[in-house]
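Just so you know, the protein sequences line up as chains A and B, in that order.
Per our numbering, residue 130 is the first one in the first sequence, and the count goes up by one each step.
Per our numbering, residue 1177 is the first one in the second sequence, and the count goes up by one each step.
Check the hints yourself; a few may be wrong.
[To be verified] Only some residues are given here: those of chain B computed to face chain A with a beta carbon under 7 Å: (1) L1191; (2) P1218; (3) V1327; (4) S1338; (5) A1529; (6) T1533; (7) L1534; (8) A1539; (9) M1553.
Don't read these hints as lab results, they were simulated from the structure.
From the three backbone atoms N, C-alpha and C, an ideal C-beta is built for every residue, glycine too.
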Amino acid sequence: MRGVGVALGAILLAAGCAAAQGGPPPPLPVEEVGFPPVHESTLSSGAHLVVVPWSEVPFVTVNVVVPGGTVADPAGREGTATFVARLLQRGTGSRSFDEIAGALDRRGISLAAAAAEEWTTISLNATTPALDEGLEILADILVDPSFPDDQVDLTRTQARTGLQVQSSRADAVADRAFTRRLYGDHPYGRLATTTSVSAVERQDLVDFHRRWYRPDGAVVVVAGDVDPERVARRLDAAFRGWEPGSKPDIDFPRAPDRTRPEVVVVHRPGAVQAEIRVGHLLMGGDVEGWEDLVVANQILGGGPPGRLQQVLRGALGYTYDARSAVTRQRRLGVFRIATAARTEVVGATVQEIFEQVERLRTRAIPGSELSDEVAFLVGSFPRSVETPQQVAGQLTEWRLIGAPADALESYRARIAAVDTARARAAAERWIRPEQFLVVVSGDAARLQPQLRALGEVRIIDTEGRPLGLSDLGVGPASEVFDLSHLTPDTLTYDVVVGGAVRGKATRILEPQDGGWRFASVIQAGFQTLEQELVVDDALEMVSSRNRMAAPTKEMQVETRREGDRITGRAIMDDGPRPVDLSVPRGVTLSDGLELALWGSRLAVGREIRLPVADVQEGVVETVVLRVEERTEISVPAGTFDVFRVSVSGRDPQTIYVRAQGPHVPIRMESASRPIALELASGG
Amino acid sequence: MAAVPVAAQHESDALVVPPLPLETFRLDNGLRVVVSEDHSTPIVAVEMWYHVGSAHEPEGRSGFAHLFEHLAFEDTEGMADGDFARLITRAGGVYNGATDADRTAFHEVLPSNRVNLALWSHAERMARLRVGEDDFVTQREVVKEERRLRVDNQPYAASRLSVDTVAFRDYAPYRHSVVGSMDDLEAASVDDARDFYRDFYAPNHAVLVVVGDVRAHDVREMVEEYFGDLPRGPELPVLPPAPPTPRTDGERRRTETDRLAQLPLVWMAYTLPPAAHPDHRPLALLTQILATGESSRLRRRMVTEEGAALDVVAQVDRRTRAGLFLLGAAPVEGVGAERIEGLLDEEIARVAAEGVTLAELEAARNQLLTGAVTERMTVEGKAALLQRYVLFYGSPDRVNQDPARFHEVTSEDIRRVAAAYLVAANRTVVVVEPPRAAGDGW
């Protein structure tokens, strides 16, 4: 965007060097980024209005920012603010979900809402002729959402599924643990969990909306093809009836003050790769000298040319990617380094991170390194303010952290003014290794010895519960299995979801290579899950093949055990990645649990413990099978005398097996999801 | 009070897609150049399209255009290994490449004061690329892996290629896939690659589009400096025209088993005329009316009301010499392919008999015009749009008139194109079936 600009040419020309013969040409003089005047006013509802007129294309972005974000979630119901945001456009007092969706489709309008820590942003994108209708719908969903029960239920299910997916990813596990420990009791560290989102009720949403979706303290940012005065009038008309209210105070206790490094390991048994996060809190708001720190950070870990990547990937080969970032919000900011490394080099990686930080803080930065990074920051900035959406987004963000109105316009000049002395001084002042929080997710038994030189190593599980060193081992199976007396069999099951039959499943047991091939296929709706496990006669895994297929996506994992390692390849949405796990003797996969029961002698009260690998998530755990009672159940194949067996572990379930051996599975039900398999034929 | 004319009222509310300023010129060596100034943000999109794609590959050399796209990121005389990526990235820019049946595209977006870097690097790649044996072997393996990942290992991906194979069985240029066959890729040699480079990567087969905060005059000077001395490439045989559409020789049908598929899928593809044909305008509106948004005809009928399909899509695949109107639908469990075909036929017949409602027409027009506006919001979007115009129409001139012409399309136009093209004699049906499972046969 051009208007009044700030001359930069001289500064940057100095950074460009003359071209070698036949080499790339040197930079031309820099063109200016300018912004049209920003119009500020107060709407009659009390909301603050910021308008940036920009008429290149007939398109407008409106961001409405209301106070109240995740920090305002009721205790134990974390996730409420996000629910409210997601449900706004699912129905209002005067419009159904279908009516809203139909009107948006008809005019090519898009609406979205998301909760951040201290506020929630509702964004409207529309062409100029569709703006008035868009504003009416925007005002309606903002002021009068109805939170229909069925939509609340749907959102709760989606949120739970999303969190379950997250908890299976090593990087997300590390991120969540880092955030929690970093903020301590400060509400920025509050995160939704499957328990907290399950507790959210419709009334919580109504209350949250009534309290926080208020015009006092709200900011409306408009960028695009509008006349500032006309859009103010339209907003006043659309938002009539939006009344100020009294908002509760939120208590912001002090975040933890660290005076020495804190080390936390999130235990993922058997993992051979670890995710590493290192960092600490920074001051929040629009702090003096922020650009110096931005440049220093860019030198340390701004992508491939950054020092962390050059050293940890290039020189040492410990990792594929290592980056650092500085971010800031109204009250607090964060400095954070993120990387991943093989288990055996985690200690060395963390040590190298400390060394690179120290080098940045204490040694002079070469001039050419600084000018390259400054040129990158200055050069890439204009791409982030090209469209009205981007401009509105940037203005909103800068406004909310309390930056002055011209901060965006002068950003490039302020970056270009940073020199080597200022960048180094900023690193020394802001980045404090003695305050580092180090969070590593991986196999704690192998990580603890590497990390203890940094200080006491606290070990927790993925739920945040403390673990002792004695809890870490995954031992061999509690008994030796003998499957040699089994006979081949084919069983079919109905897949029952929420009480209705939604698919079919089969289990095929057949001899292979002196052991058994146990193939299972589940087809429900449009998805198919195929698993094939080959075991020897003692139930020990030989190889496996898992495949999940749907029309537009597919995941596939193939593995093989050799000695105390399971290796193979997983092809996920984001491409192939290797599987490599170290495992105890007698290891099997989750399907092997059924075989363990099938081939054992069972009686009420019996417990079987065995190591189970999850090859997709890359972890091993001890699973306990306990025969709880003898009872009778009816399934499509008939009524059976059964043992009810509880199955512990990451995916707890109940398996009913025939009481008379061989103990074939009659019914299997998940403890966490409303899904069950019921025997339909065979057995 | 004077009455306001209805037309004027309509005018004030109508979405006007803003015109793009255009400067075009051609160098003596045949390089065509389009510059569109946009001084709103100090960035520039530089996009080079070579008018060579999989359609130009001779028999036994499928996948070559795409393989060469990969090679064009390797060394040149002025840029050693990895320099291109490093130079563009360090300047604050981004880059990419893409290949389809008709063209191979290379583009960058970067600060406008580095437009010279982008232009220079394109000249390097056009004239001074080093096609080494090692790079060739490496990139051939990368492409083979890409084929394994994107085609051989994706449910239903092979069937989309089958649609082309069957629909264009009498038109060789469009019969094979862009990514090519494993055998052809394996048989390719570095000498083939060098010949291909010499013949096709020449100024007379390329179009350069520059959009952003630059002056057309300055761009022209730089283009003359970097490209002016490059020699013309050999003239190449012009592709023959595709057989006329709509075909009248009857429905073509193939049923195939996809080992990765778990449920059937139905493709219905109707051949269309070349991209420049005016019937593409009502056809574009028809795809919106049939399958964009929850209230579109096919979605409402097949997914919501009848619960017969999990998903349904409609799209037009436009190419320089022909096109396809493509419908795809995935039945829910227990619903057969015949039922899906029956429902698609019924809805098409309804359009062919009765046309569409004014409300549907207006919604479809709003969606397409909104798309036209957002496409023109970024320099990258505008550069690709102008390239498409040169490729399809031979010049970018119509780009500023075309959006408004959506207003001229009537319900009768849509009825007419549905009745003309979407008929059994002109279609290819590919039904994908999952493999029969061992055991009880479900």
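Does L1534(B) meet its interface restraint, that is, does its C-beta lie within less than 7 Å of any C-beta in chain A?
-> 12 Å, violated
Does the CB of V1327(B) sit less than 7 Å away from some CB of chain A?
-> With Cβ-Cβ at 12 Å, over 7 Å, it is violated.
With 7 Å as the cut and Cβ atoms as the points, is L1191(B) at the interface with chain A?
-> Nearest chain A Cβ about 5 Å off; hint holds.
When the least beta-carbon distance from A1539(B) to chain A is tested against 7 Å, hint result | Since the shortest Cβ distance to chain A is 4 Å, the answer is holds.
Measuring from the C-beta of T1533(B) to each C-beta in chain A, is the shortest one below 7 Å?
-> 12 Å, violated
With chain A as the partner, please determine if S1338(B) meets the hint condition of a C-beta pair closer than 7 Å.
-> Since the shortest Cβ distance to chain A is 16 Å, the answer is violated.
Are A1529(B) and chain A close enough, Cβ to Cβ, to be under 7 Å, as the hint says?
-> 24 Å, violated
Given hint P1218(B) near chain A, where the shortest CB pair must fall under 7 Å | 3 Å, holds
Identify whether the interface hint at M1553(B) stands, where standing means a beta carbon of chain A within less than 7 Å of its own.
-> Where the cut-off is 7 Å and the nearest Cβ of chain A is about 5 Å from M1553(B), the hint holds.
Checked against the numbered hints given earlier, this structure breaks hints 3, 4, 5, 6 and 7; the rest are met.
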